[in-house]
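Participant: What follows is the residue order along each chain.
Number of protein chains: 2
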Amino acid sequence: MIRTVGYAAKHSFTGLHRYEFEREEARPNEVEIEVLFCGVCHSDIHQVKNEWSNTVYPCVPGHEVVGRVTKTGSAVTRHQVGDLVGVGCMMDSCRKCEACQSGEENYCEGPNSWLATYNGPMVPAAKSPDNTNTYGRDNTFGGYSTSLVVPEDFVVKIPTGLAPEAAAPILCAGVTTFSPMRHWKVKAGDKVGILGFGGLGNMAIKLALALGADVYAFTSKSEKINEATRLNATGIVEDDEDALAAHKGSFDFILSTIPEKHDLNPFLTLLKRNASLVVVGALEPMKPVNNQLVAFRRNSIGGSLIGSIAETQEVLDFCAANGIAPDIEIIDIANINDAYSKVEKGEVRFRYVIDMSTLRRD
Amino acid sequence: MIRTVGYAAKHSFTGLHRYEFEREEARPNEVEIEVLFCGVCHSDIHQVKNEWSNTVYPCVPGHEVVGRVTKTGSAVTRHQVGDLVGVGCMMDSCRKCEACQSGEENYCEGPNSWLATYNGPMVPAAKSPDNTNTYGRDNTFGGYSTSLVVPEDFVVKIPTGLAPEAAAPILCAGVTTFSPMRHWKVKAGDKVGILGFGGLGNMAIKLALALGADVYAFTSKSEKINEATRLNATGIVEDDEDALAAHKGSFDFILSTIPEKHDLNPFLTLLKRNASLVVVGALEPMKPVNNQLVAFRRNSIGGSLIGSIAETQEVLDFCAANGIAPDIEIIDIANINDAYSKVEKGEVRFRYVIDMSTLRRD
Numbered sequence: 128m129i130r131t132v133g134y135a136a137k138h139s140f141t142g143l144h145r146y147e148f149e150r151e152e153a154r155p156n157e158v159e160i161e162v163l164f165c166g167v168c169h170s171d172i173h174q175v176k177n178e179w180s181n182t183v184y185p186c187v188p189g190h191e192v193v194g195r196v197t198k199t200g201s202a203v204t205r206h207q208v209g210d211l212v213g214v215g216c217m218m219d220s221c222r223k224c225e226a227c228q229s230g231e232e233n234y235c236e237g238p239n240s241w242l243a244t245y246n247g248p249m250v251p252a253a254k255s256p257d258n259t260n261t262y263g264r265d266n267t268f269g270g271y272s273t274s275l276v277v278p279e280d281f282v283v284k285i286p287t288g289l290a291p292e293a294a295a296p297i298l299c300a301g302v303t304t305f306s307p308m309r310h311w312k313v314k315a316g317d318k319v320g321i322l323g324f325g326g327l328g329n330m331a332i333k334l335a336l337a338l339g340a341d342v343y344a345f346t347s348k349s350e351k352i353n354e355a356t357r358l359n360a361t362g363i364v365e366d367d368e369d370a371l372a373a374h375k376g377s378f379d380f381i382l383s384t385i386p387e388k389h390d391l392n393p394f395l396t397l398l399k400r401n402a403s404l405v406v407v408g409a410l411e412p413m414k415p416v417n418n419q420l421v422a423f424r425r426n427s428i429g430g431s432l433i434g435s436i437a438e439t440q441e442v443l444d445f446c447a448a449n450g451i452a453p454d455i456e457i458i459d460i461a462n463i464n465d466a467y468s469k470v471e472k473g474e475v476r477f478r479y480v481i482d483m484s485t486l487r488r489d
Numbered sequence: 128m129i130r131t132v133g134y135a136a137k138h139s140f141t142g143l144h145r146y147e148f149e150r151e152e153a154r155p156n157e158v159e160i161e162v163l164f165c166g167v168c169h170s171d172i173h174q175v176k177n178e179w180s181n182t183v184y185p186c187v188p189g190h191e192v193v194g195r196v197t198k199t200g201s202a203v204t205r206h207q208v209g210d211l212v213g214v215g216c217m218m219d220s221c222r223k224c225e226a227c228q229s230g231e232e233n234y235c236e237g238p239n240s241w242l243a244t245y246n247g248p249m250v251p252a253a254k255s256p257d258n259t260n261t262y263g264r265d266n267t268f269g270g271y272s273t274s275l276v277v278p279e280d281f282v283v284k285i286p287t288g289l290a291p292e293a294a295a296p297i298l299c300a301g302v303t304t305f306s307p308m309r310h311w312k313v314k315a316g317d318k319v320g321i322l323g324f325g326g327l328g329n330m331a332i333k334l335a336l337a338l339g340a341d342v343y344a345f346t347s348k349s350e351k352i353n354e355a356t357r358l359n360a361t362g363i364v365e366d367d368e369d370a371l372a373a374h375k376g377s378f379d380f381i382l383s384t385i386p387e388k389h390d391l392n393p394f395l396t397l398l399k400r401n402a403s404l405v406v407v408g409a410l411e412p413m414k415p416v417n418n419q420l421v422a423f424r425r426n427s428i429g430g431s432l433i434g435s436i437a438e439t440q441e442v443l444d445f446c447a448a449n450g451i452a453p454d455i456e457i458i459d460i461a462n463i464n465d466a467y468s469k470v471e472k473g474e475v476r477f478r479y480v481i482d483m484s485t486l487r488r489d
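If you're matching them up, the sequences are chains R and W in order. Offset between the first sequence (1-based) and the working numbering: plus 127. Offset between the second sequence (1-based) and the working numbering: plus 127.
Errors might be hidden in some of the hints.
The list treats identical chains as interchangeable, and a pair is accepted whether it falls inside one copy or across any two copies.
To be verified - Cut-off 25 Å, straight-line C-alpha distance, at most; resulting in silico cross-link-like pairs (DSS-like, lysine-lysine):
#1 Lys414 - Lys388
#2 Lys469 - Lys137
#3 Lys284 - Lys469
#4 Lys314 - Lys469
#5 Lys414 - Lys284
#6 Lys284 - Lys375
#7 Lys375 - Lys223
#8 Lys314 - Lys375
#9 Lys348 - Lys414
#10 Lys375 - Lys469
#11 Lys137 - Lys284
#12 Lys254 - Lys312
If you are wondering where the hints come from, they were derived from the structure by calculation, not from laboratory data. Keep in mind it's a predicted model, so treat the numbers as computed, not measured.
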């Protein structure tokens with residue numbers, strides 16, 4: 128067993144505190160990773176607070192993990208000790224269903240769906256057909272910890288040219304916004320709108336610009352206008368009726384990264400005929416959509432869930448090749464609860480990344 | 128001027144009554160049509176009762192019109208006196224916008240959008256940029272009347288092999304369900320679900336079967352089960368949790384023809400990865416959709432509005448070639464208000480078609 132230190136929540140109301148636990152040694156197909164950096168995702172907060180009513184405690188969050196390989200199982204061929212690697216939201220999948228066979232493990236249709244890097248299988252045994260427990264466990268402990276043990280196929284390579292701390296948020300925020308842009312075929316010259324301006328919005332603007340799109344941010348807060356300007360957004364659309372009306376029917380694609388229930392209707396009117404608005408931030412019931420706004424231009428409202436392992440590697444390589452990286456602020460793990468408060472208040476225009484060496488110093 | 132008799136509503140609460148009016152003579156590019164049959168669409172009722180808050184009175188409904196050409200303008204080349212023809216929801220469009228140029232007049236982006244066969248332009252002058260009135264009129268009078276005058280490009284041919292009375296509902300109910308099946312590429316072997324069981328649902332089941340799909344109706348009312356069986360639906364899924372659960376993640380396409388606000392969430396769970404649910408019946412705010420259900424299989428919820436003129440001709444020819452036609456009941460126009468009541472109560476599993484010769488006998 129591997130003695131590990133992490134930060135865990137024991138209940139929905141306790142916040143995160145130092146927590147010692149043991150991980151199983153790497154199996155033949157697995158690698159052991161020393162965690163260097165871990166991004167702080169808004170979904171970590173939802174999960175820690177049990178806002179999706181599915182949290183398994185203790186909860187050690189963290190699914191934007193960058194680290195160095197410290198040990199490889201006997202069958203491992205893709206990674207070597209010393210490699211700089213990343214682990215995102217998934218650490219395994221059924222590998223047999225049509226989605227897995229098609230390289231879309233993030234939509235794994237196995238009885239327990241994919242195994243999340245923390246909080247265990249996406250479909251826990253109790254909710255699976257015949258009480259199935261494919262992965263042999265109900266919980267997993269994520270990257271807010273000193274080490275991680277992961278099957279090699281779910282470990283991606285951090286390309287040279289990307290700072291390890293900046294690579295971390297790409298593993299969730301990056302691929303979550305990149306995957307739908309690929310699936311819905313965002314291309315050079317497209318007019319793309321990004322709703323929401325947190326960690327996902329920040330990455331989405333940078334990625335869409337790098338894809339050659341004209342990228343518009345929606346906001347009326349001067350602080351966010353400055354931020355969008357700094358990111359070289361093509362334009363900023365103020366959140367009022369007249370400003371929106373001026374862009375009616377002109378967008379090829381809109382991505383909503385807003386992490387909570389919101390109203391899509393004002394943005395549906397901005398789509399071109401046959402165009403889509405895709406929601407990645409809010410995994411909950413949305414405000415009612417007026418189908419008249421959807422039908423009159425044959426639009427679609429889609430949803431998308433993170434991205435595949437191949438897309439995760441692709442977006443890392445894309446960022447390195449295009450010289451883009453998320454805006455981050457590195458924190459000491461002792462400040463994690465304070466960081467959560469700031470993210471929840473919507474005050475954060477960048478991604479917090481925990482320097483995991485601060486955990487060792489505890 | 129052409130002396131015309133029709134049935135009109137003068138206010139939202141009056142019902143329909145005999146109404147005499149004059150139509151302008153056919154212009155060079157127009158044909159005059161003697162109306163033989165006109166289908167009764169649920170949207171006629173919405174419009175007559177001003178349920179979309181946009182009705183221009185007097186309102187002469189009717190956009191499933193089959194008749195015979197009685198006069199042709201000097202420039203008409205597509206139709207001849209005596210031809211059996213049809214007119215659907217549109218009687219003109221701007222013909223200049225990208226949608227019109229792409230043969231998708233039903234999404235016309237001109238300042239007044241398309242000119243509806245009744246109730247005038249889809250975007251009335253008062254709601255258009257600069258108070259534009261492209262078509263020179265705020266109202267149009269539909270097919271609940273003895274004659275119609277329509278630009279030849281918006282007149283389709285009724286193929287031999289289709290009874291004229293049965294062709295009428297294809298002009299709206301048929302193309303409204305056929306167009307999204309074409310756009311979302313429903314093909315042989317697909318598993319297709321149809322929600323709603325009125326005039327649109329009836330056509331949707333027949334068209335999807337003729338496209339080679341396995342077609343499932345959703346209902347738990349024995350009367351509707353019998354009806355779906357009569358239509359040779361591949362299966363019937365009862366509207367309860369267990370029955371729906373058995374079909375989880377298995378549908379390639381679901382079309383909702385329900386003509387009012389409803390809950391899509393139970394049906395979203397039935398879609399395969401990357402599949403779409405398209406709403407054509409309800410043009411209003413829907414119940415809140417849980418984006419978790421959408422994102423977890425990368426689904427989309429689309430809307431679609433009638434179909435193009437080319438698709439209208441295509442679906443007529445498709446019905447003739449495949450020997451399918453809507454189930455109809457022919458009524459005397461004097462019974463129109465009673466027919467409306469029955470449609471509103473959801474009692475009608477077929478399409479009412481008005482025999483317009485009964486109007487002449489008044």
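Participant: Could you run down the list of hints and mark each one as holding or not?
Facilitator: To see whether the hints hold, each was checked on the structure:
Taking CA atoms no more than 25 Å apart as the test, lysine 414 paired with lysine 388 passes in both settings, with 6 Å inside one copy and 14 Å between copies. In the homo-oligomer, the alpha carbons of lysine 469 and lysine 137 lie at most 25 Å apart inside one protomer (21 Å), although the nearest pairing across protomers, at 59 Å, exceeds that limit. When the C-alpha separation of lysine 284 and lysine 469 is checked against a cutoff of 25 Å, the pair qualifies neither within a copy, at 31 Å, nor between copies, at 65 Å. In this homomeric assembly, lysine 314 and lysine 469 never come within 25 Å of each other (Cα to Cα): the closest approach is 34 Å inside a single copy and 50 Å across copies.
In the homo-oligomer, the alpha carbons of lysine 414 and lysine 284 never lie at most 25 Å apart, since the shortest distance is 39 Å inside one protomer and 43 Å across protomers. Taking the closest pair of Cα atoms, lysine 284 and lysine 375 never come within 25 Å of each other, the shortest separation being 42 Å inside a single copy and 36 Å across copies. When the C-alpha separation of lysine 375 and lysine 223 is checked against a cutoff of 25 Å, the pair qualifies only between copies, where the shortest distance is 18 Å, while the shortest distance within a copy is 44 Å. Taking the shortest Cα distances, lysine 314 and lysine 375 sit within 25 Å of each other inside one copy (20 Å), while across copies they are farther apart (34 Å).
In this assembly of identical chains, lysine 348 and lysine 414 lie within 25 Å of each other by CA distance solely inside one copy; the values are 22 Å within and 30 Å between copies. In this homomeric assembly, lysine 375 and lysine 469 never come within 25 Å of each other (Cα to Cα): the closest approach is 34 Å inside a single copy and 39 Å across copies. For the identical chains of this complex, lysine 137 and lysine 284 are neighbours neither inside a copy (32 Å) nor across copies (71 Å), given an alpha-carbon limit of 25 Å. In this homomeric assembly, lysine 254 and lysine 312 never come within 25 Å of each other (Cα to Cα): the closest approach is 35 Å inside a single copy and 33 Å across copies.
The structure fails hints 3, 4, 5, 6, 10, 11 and 12 (numbered hints given earlier, in ascending order).
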